[in-house]
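Each chain, written out:
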Amino acid sequence: MADRLLILALAVLSITGCTLPGSNAADTPLPAAQVISSAIQCNGAERQPVAIHIGNQPQLERVMKRMQGLILPAPVVQIPEIDFSRWHVLYISSGQQPTAGYLLRLAEPAFETGHSEARLNVILEHPPADAMVAAVLTHPCVLVKIPANSYSTVEIHGLGEVRKVTVGNAM
Amino acid sequence: MAAPLAKLAGERLQHCFSALPQTGARRLNTIYLVAGLILAVSACDGNSGNRQPTFHALAGTITSAIGTAVDSDVNDPQAPYTSNDTPETAQSLLVPVLLGGFVSRVGSGGGNFLGEGDATDIYQMALAEGQSVTLFISDHDRENPRAVDIDLEIYDTPDITPETQPVARSVSALAGTETVRVPKSGLYYIVIHASEGASNYLLTVGWPTILNTTALQTKAPFIPGEVIVRFKQPMAAASDATYFAAATGLKKKKGATGRTMLFTLNDEGQSLPLKPGGMTAADDGSRLARLKRKTIDTVEALRKRPDIESADLNYLRYATAIPDDEYYPRQWNYRLINLPQAWSVTALPAASEHPVIVAVVDTGVMLNHPDLKANLSPAGYDFISNPAIAADGDGIDDNPDDPGDGDNMQRSSFHGTHVAGIIGAQSNNKIGVSGISWGTNTKIMPIRVLGRGGGTTYDIIQGVRYAAGLSNDSQTVPPQRADIINLSLGGAGFTMAEQAEYNAIRDAGILIVAAAGNSNSANPSYPAAYDSVLSVSAVTLAREKAPYSNFGSTIDIAAPGGDTLVDSDGDGWFDGILSTLVKTDGSNGAREAVYSFAQGTSMAAPHVSGVAAIMKALDARLDSDKFTALLREGRLTTDLGAPGRDEQFGYGLLDALKAVENIDVELPPIISTNPSGSLNFGPFVTQLEFTTRNAGGGSFSITGVTTDVNWLDVTPRSLEGSEGTFTATVNRADLADRIYRTTITLETDNAGSLTVPVTLQVGDRREEGDTGHTYVLLVDPLTLEATHTIAVNNRAGHYDYRFDRVPEGSYFIIAGTDLDNDGLICDPGEACGGYPTIERLQAVSVYSNVDGLDFGSNFEIVIRPLANHPEQPKRHGYSRNPNG
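Sequence lines, in order, name chains D and X.
So the first sequence is numbered by the working numbering: it starts at 1 and just counts up by one.
So the second sequence is numbered by the working numbering: it starts at 1 and just counts up by one.
Check each hint, because a few of them may be wrong.
[What the hints assert, rightly or not] Okay, derived cross-link-like pairs now, BS3-like style, lysine-lysine, Cα gap no bigger than 30 Å in a straight line:
| # | chain 1 | residue 1 | chain 2 | residue 2 |
| --- | --- | --- | --- | --- |
| 1 | X | K251 | X | K294 |
| 2 | X | K583 | D | K65 |
| 3 | D | K65 | X | K430 |
In case anyone wonders, no lab produced these hints; they're calculated from the structure.
Isolated chain X (complex conformation) (with noise of 0.2 Å):
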C-alpha cells in the first residue's frame, strides 16, 4: 500500500518541482525520496488522521443591471431602510427604471414591519405622455385572486390625500399587473397600495419594449367575410348603423350600438361555414382567397375612419385543446410550438381519418406501455443482426419490444419508447403525457435497430428500408409504408451508400427527420446531415439554442429539446422533455411503465416528425417535397436568431399552428415585419434591425423605404424582393429631452404598403444599477441547498463579494436579494443573478484561492405562476440560509 501513496503524494509533488533543472530520471528520484519522506514524518506525526480540512478563498464581482432600483424600504431588516410612506419622503426615481419593492397590508408581511404592515410606497418621477407604468404583483394568485390586491395610481401633485383624485389609477383586484398610461408629460408620483396581503412588487417605467402591435394579424385564422367594430361614439339610433352600413357595404350581423358590433360583407357576405375544427369548408381555394383578401381590405379601410375606434378581423379564438393527460401541463414543449392551438383543429372528430405511419427507428418500444399500445403499429420490427447487441436471444426478428440496451435494464435508456410517446401517446385519456399526433389517426411504427453500445449503419439502412416498404433483409414489408421517419440517432461517419439509400427514400416522397446531434458543436452527423434528412437541432423554454445541440449549415429546423438541469420557468419541474419511459425492478427486472424527461436533439427530432403526422393527417397530398418548400418559404416555423436560414435554428423553430393553417390555403403577398408592432429605441438603443418577408402567396418587390424625420436613418442591408434586412438608426444629438414617435414606410410594387411605428426617448440615461441588499450563496450543486452565505450592498453599481474559507468542493453562486424576508432569494419580484449567469449556473471547482467569478444580477420581469404539485414542493427561490 506504501508504494502507491508513496507514487501519489509523489504526483502531486512532481508540479512542485517541474521548475527545477533536473534530467527526467534523477528529478523523478528525488520526487520520490521526497514524497516517502514526507509520508514518513506525516505518518509519524500523530495528527496525520485528523487533518482538517483545506480552506480557500472565493471572490468576484456582481454587477447590476443598468436602470435598475429598489425599494427603500423593504421587509428585509437586514436591508438599508428609509421610509417612503409620503409624499415628502417620495423615493426620487429616474425613468427608465426597473424596481424591485415590496408592500404590506396591516397586519400581514411580519418581518421588518412586525406585522404594522408598510401599506405605501410613493416614488417620485418624471413622466412623459404616453409612457406606460406598469406594476406586476409577484405574490398574486391566480386561484385565490383576492388574498392579495396591489393597486397603481399616479398623482401630479404632492397633495394625496383620501379626496385627492388620481390622474391615473389601476386597481383590478383579479389581475397580476396593473398598467397606467401617462396622459402628459410632468412630475408625478407613484402609489403602490396594498389594499389586501403583502407582496414583491415590480415596477417597470419606460423601457424600450416592442410595443403591443395592431397589425392585422392576417395569417392567423379569421373567419372570412366577418369584420368586428367598435365606434368611438355610442351610436344613438339604430338607423345610425344602418346609415354606416349602407356607406361602408356592411351588414350589421350582431352586436348593438354603444358596444363591440359585429358585420359581414354584403355581396359575398355570407360568411363561410367551419367545419368541424375551424377549418373552412370552401372548396375553392381561390373565392377563399378572394374573400380573405377583401376581408382584410375592409378592415384596414375601417380603421381609416374617424367614427371608428377599432376594426378587426373576427378570429377564430376556437380554445385552445387542452387534453386531460396528467403531466399535461408539465408538457411546456408543446406550448412552445403553439401545439394546443394547432390541436384545436386536430383534435375535434372527424378532423381526420387518413391514417398516417410513423416509424420511430431506435431501440424498439416498450409495446404494452399504457399511454404507447393503443397508438403503435402492428407492423414494426427489430433489424438488430447482432445478437450480442439485440440482447434479445437472436438476430433479426418481428418483435420490435425493448428490452434495454444497457448492460442491465436498469441502466438502459428505453430511448426508443421515450421518442415514440413525443409522437404519439394516447392524448386525452386522463394518464400519463400527450403526444403531438393527438386526434389524428397517426400509428407508431417500431423499429429497432439500437441495442448495446448502439447500432450499426447497416442495421439502420435495413430498418429504414422496411419502414419505407423498400426490400430489405427480413424479406417483408409492411402492409403500409411510413409516411414520416424519425431518427433519433446518429454517428460521425459519411457512406456515400447510406446517402443514395435516403436519397432514394426521400424521392419517394417519405419525410426523413432526424437528431443534429448533441456536441454542441458544428461536426456533422449523420444521418442529420445528409441531403435527404431534416436535421433537428435543439432549443430551450427560453427559445434558445440548447447548450448541447448541435449546429451549422446543415440545420434545417430547431424544436423543443430541453435542459434537465434548469427550471426556467420556475415550475417546480426542470426543464426536460417529459414523455413515456420504462422503469425497471432492480430485485427482479421486470419492466414499468413510467414517464420521465429527457433532454437532447433526439427529443427535438420527434417534434417535428410528430406536427408533420398531422399535416399529413389534414392533407394526404403532403410529402417530403411539400414539407420542405412550405419549411423554406418560413411557413412551418417562427424565425428565431438571424433571420431567414441560420446555422443554429435552420429556417428557425417549429410552429405547429403556422404548419396547419398552411396546408391548404394560398393568400396574396402580404409584406411583414420582424419584429412586428413597432420599433422601440427606448433611452438607450441607437440601432435597432428588422427584416421584411412575404407573409402570403405569390411574390413582391419591397420598391421603397421612407421615414419623415432626420434623426432616423433605415438602410437597407440586403434586399431581394420581399426579404429584407434593414438597419434602422437614431441620432439624439440635437433632440432635447422627450419622447419621439415617427413612422417608417415600406412600399412594395404588389403588396400595398406597411408603416411601422417608431417610438424614441430622449434623456434620463441612466448608467448604475441598485438591485438592493443582496445575499450571495455557496450552494451545494447536488442538494442546492447553501453552504455558505454572506450580505453585500451595492456600490455605485457593484457588489464585490468574498469567501474567505471555503473547504475544497464544488458550488454553485447564486446572489439576490430577499425583499419579502421569508428567507428565499430569487423569489418573484426579487433580483437574482449567479455564475455565470443564473439560467446557466455552472459549479466552481475550489482547490485553490478563485477569484474574477463575475456576474449579473437583474429582475425577472415575467411573473412565474404558483405551481403545486404534490410530488415535488413548489420552488421560487434559493435558502439563504446555510443548509437551510
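Chain D extracted, bound-state conformation (with noise of 0.2 Å):
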C-alpha cells in the first residue's frame, strides 16, 4: 500500500512540475462537461456504440440536424455558437437498443482531464429487468461539449469497450 502511494506522489508531481508550456490547466479549474442534446431516437448509422469527435460549427449543425433526420416536417433546430478554440465537441451514442426506457447520459463525475489524455464517463440507463416495454428500437446518444485543453485524446468510458476520440489540441 505504501509503495503504490509513493508511486502515485510520484505521478503527481511530475505533473504538477512539468505543465506544458503555456498551459494553464494546473492553476485555473476546466468548466464542467456540458449537454448540448441529448435524444433517445438518434437518426445515425450506427448500429454499434459510436463516439465522434465535431470539430467545426457546419459539422455541428450537420450532426445536430441529423440526430432530428427521422422526423417529418424537419424540424427547426437551434443550433448554439460554440468557440471551438475553447471546447470539443463530442456526439456519443450507444448504437442501436432494443426497446423503449434506455437513455444515455453524462455520469458523476463526468468529464477528467490531464495533459494528453482525458476521460468521459458516460451512463446508458437500461428499462427495469422486469418491466414490459415498448418493442420499438432506439437509438440514444448524446452531443458533449468539454472544454477544450492540453489534450489531444478523449476516452469515453460507460458503454461496453472504452472508445477513444482523438480532438487533436486546441491550446
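Taking the hints as your guide, dock the two standalone chains into a single complex.
Shown next as C-alpha cells:
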C-alpha cells in the first residue's frame, strides 16, 4: 500500500512540476462538461456505440440536424454557437437498443482531464429488468461539449469497450 | 487528478504485463510504478500536448460477382480504356453476363470524352435462340423520358452501316428498359446507342431468372364469366368471330377483329355485376364459385387452340387506390403488403359501414394529433396504477393521452401514437401519413399501460380486459368492446395467470396481435409467445427478416418492421416505418404533432392489426378462429423463407390483397407452385426446389410427378396431400452447349394437372467477374462522407485494397465504380459493395491494424426511381472525394 502511495505521489509531482509550455491547466479549474442535446431516437447510421469528435460549426449543424433526421416535417433545429478553440464537441451514441426505456446521460463525475488524455464518463440507463416495454428500437445519443485543454485524446467510458476519440489539441 | 491518470495509464499497460510471471499484488504495483514513470517522462518532454493522431492500416479483398463485366470505355478518366465503338473493336463477352456501361450522345457526358460523346458501345457474344438481351437505362427519368434515350440493337453481321437492318431492336423513347429476344442461335453484335443524353446502363444476357409466368393467376380478382382473347391472325370478317363464338359457346361482348376481344360465357354469360369496390354482388357463393371455375376452365381450353395467340381472365384492374396524404409515397411498407390493391376495395364509398374497434394497448396516444383524432374512439382509458410511472399526476383514469414516458418529454418515445397511426391515421386528407384501415369505419381505442421505464404485467392485463369488455379495476367497460387488440410491447416473464387471461379473451373471438421482440433471438417475448396471441416478426423492405427481429417456433406471421439504418430503395430516406408521432419543444415542453420513421416488431404488429380491421370491416363474422384458419391455409400471407410455416416468418409475409380476396369466396381446389412460372437453371445452378399447395378450396392430393428427359430428375422431399416440397436436379454431363427446355408435369386426383416449364443452359461457364475500376472509400459512419479514398483495378476477379494511414476511429468501407464520372460511386448502373455487405454496413473500429475486411461487389439490376424530396436531396451514391 505504501508503495502505491509513493508511486501516485510521484505521478502527481511529475505532472504539477512539468506542465506544458503555455498551459494553465494546473492553475485554473476547467469548466464542467455540458450536454448540448440528447435524445433517445437519434438518426444515425450506427448499430454499435460510437463516439465522434465534432470539429467545427458546420459539422455541428449537420450532426444536430441529422439527430432529428427521422422527423417530418424537418424540424427547425436551434444550433448553439460554439467557440471551437475553447471547447471540444463529442457526439456519443449508445448504438441500437432493442426497446424503449434506454437513456444515455453523463455520469458523475462526467469529465476528468490531464495533459494528453481526458476521460468522459457516460451511463446508458436500462429499463428495469422485469418491466414490460415498448418493442421499438431506440438509438440514444448525447451531444456534449468539454473544455479544450492540452489533451489530444478523450476516452469514453460507459459504453462497454472504452472508445477513444482523437480531438487534436486546441490550446 | 494524477491518481486516476496513473490508474488510467496503468490499466492500459496492464495487458502488456499480463504474460509476466508475477503474483497479482506485485504485478499491480509494478504496473503502477511504470505508469507513474511514463507519466512523469511524458509530461516533461514538452511534446505530449501536441501528440499526433495514431494511424493504423486497414486492408481486405473485394470480389466481383461471378459473370459481371464492365464496358471497356466508360467515362471515368482513371479507368482502363479500350474503345469498343465499332464492330472491329467490339468487346467480346461470355454469356451469361451482367455488364455495367456508359454511353453519351455528342455534347453530353463530359468526363473521359470531353463532350465528344461515346455514342456507341458494341459487344460481341454467342447467343442462344430464345435468350433475352435486356438493357436497363440507369438515368431514365420517368418525368422527362426523352431526356435520356438509349437504344438496343442486335446484328448477326459485323457489316453494320446505317442501312443495315438489325436482327432485332428495341428503341422505345419512353421506357427505362429495352429488351430483344434472340431469334436463332449464333454470333451476334449487340449495339448500345445513345440517341439522346448520357447514362450508365446495365446489360444482362442469359441470367437465370424466374420467367414470366403465363399461368393463370386464379387467386387474383377477375370478372367471372368473361375472357379476353387475341387471335393469331386478324380475323377476316365478323362472321369468323361469329363462327368462333358458335364453336366455343362464347358470346362476343366487346372488341373487334385484329385486336383484343372480350367474350362472355354464354349460358351463364351475364357476367356478375360488381358492387362498389369490385366485389361481386352474387349472394349465392356456390354459383359464383362454379362460374369462376368454369371461366378458368374456358381460358385454359382456349389456350390450347391453334388459332389463339392468348387467352386470359378479365382481371379486375381497378386502379390501386392511392391516398393523397403528403407522406404516403414514403410508406413503402404498404406497397410491400399489397395494401394499395386491397384499398381499391375498402377505399370506395360504402365499402363497409360495419364499425371496427382496434385497441392499442401502449403508452397512450396524443389525442389531438390532427392525423389521428378523427379516428380515435372516445372510450380509451389509462390503466397505469403507479403515479410515478404514469407521470400524469395520478393512477388509473379515463384519460389515455400520452404525456411522455421519458425522464422528460424530449426523451419520450410517444410509441403508442406511432403504433396507432399505422393502423388508423386518417387517410386521404392531404396531410401526413395514411393508415391501413382507410375506407373502413375503424376506430382506435387507446389504452395507456406503459409510462416511465415501461409498465407492469398487472396493468396491461387490466387494460386488455377493459378492451375486451371484461371486468377490470376501472369498474367500467367500453360501450363497444374491441375486435382486435394490438400489443406492441413485451417482456421476458411467463405467467400462468396471464396465459389464462389471453386464452379467455381469444376464446371470446377477439384477435390479439403482439410484437415478437427485437433481440434477434429465439427467446420468447410475452405476450407474443402466449398460445392465444398472434406473434408478429419483422421484415425489411427487401422482404428479409429484419436484423433485430426475434424468431422461433412461436412466430405466426411477418410484417414490415423497417430498418432506419439503411436506404435500400435509394429514395433518399431510411427504410423505417413512417407514422404519426409527437415532438416536444425543448424550451417549454409543449407537444407538437409530427411524423417520424421508426423500426421494430412494434411497427410490424399494427400492420397485422390494421389488415385484420379491414377484413373485419368487410366481413363482420371474422373472429380469431377464422383469422387463424385463414392464416394457416396461407390465405393471408405470401410465403417467405422455408416453404410453409417457418421460424423466421411464421406463415409468411402479410398480404393485404390476399386477405381481402379470401374473406368470403370459396374456390375449387387449385394446384399452385412456388415459385410460380418456370424453373430456370441458367448456366450454373444444378438444383432448384419448388413447393406445391392448394391455392383454392377443398382438397386434393398430388398423385404423380413426371418429366420427359433424362437430364432432369424430380424427387419429393416431402409430400402430404397437396402440400409438397420437390427437388429438381439437372445433370449437364452429357449435354452439348445450348439451351434446353422441358416441362415437369404434376398430376393430382382432384385438381387436374399442372405443367412447370424448365429451362437449362449448358456451356459458357464464367467463374470470374469484373465490375470495373473501383474506388474504395472509408466513410464516416455519422456523416456518410468519405474520409479516405483509394482506387484499385481488377485482378482475376478480385481487388486487393489497403489503407496505410488511417486515424483511429470507426469507418464504413464502401467500394464502387464511377462509370459516368460524376464523382459518386454506387450510382444506378454502377457496381457497389460494402463491408460486410452494402445492405448491412457495419462500422469497422480501427484501433490497431485490421486485415481481412473482405466483401463482394456487384451491379444492382433494379433501376432506382428518381426521387425528389425538397427536405432532403436525393442520394444515389457516395462521393468518392474525401469530405466531399
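For this session: Given the hint that K65(D) pairs with K430(X), test it: the Cα-Cα distance must not exceed 30 Å.
Result: Given pair K65(D), K430(X) holds - Cα atoms ~26 Å apart, limit 30 Å.
Exercise. Taking only the CA atoms, is the gap from K251(X) to K294(X) under or equal to 30 Å?
Worked result: Roughly 15 Å separates the two Cα atoms, so the pair holds.
Problem set entry | 30 Å limit on alpha-carbon distance, applied to hinted pair K583(X) and K65(D) | Holds, at roughly 14 Å.
Consistency with the previously given hints is maintained throughout, with no hint failing.
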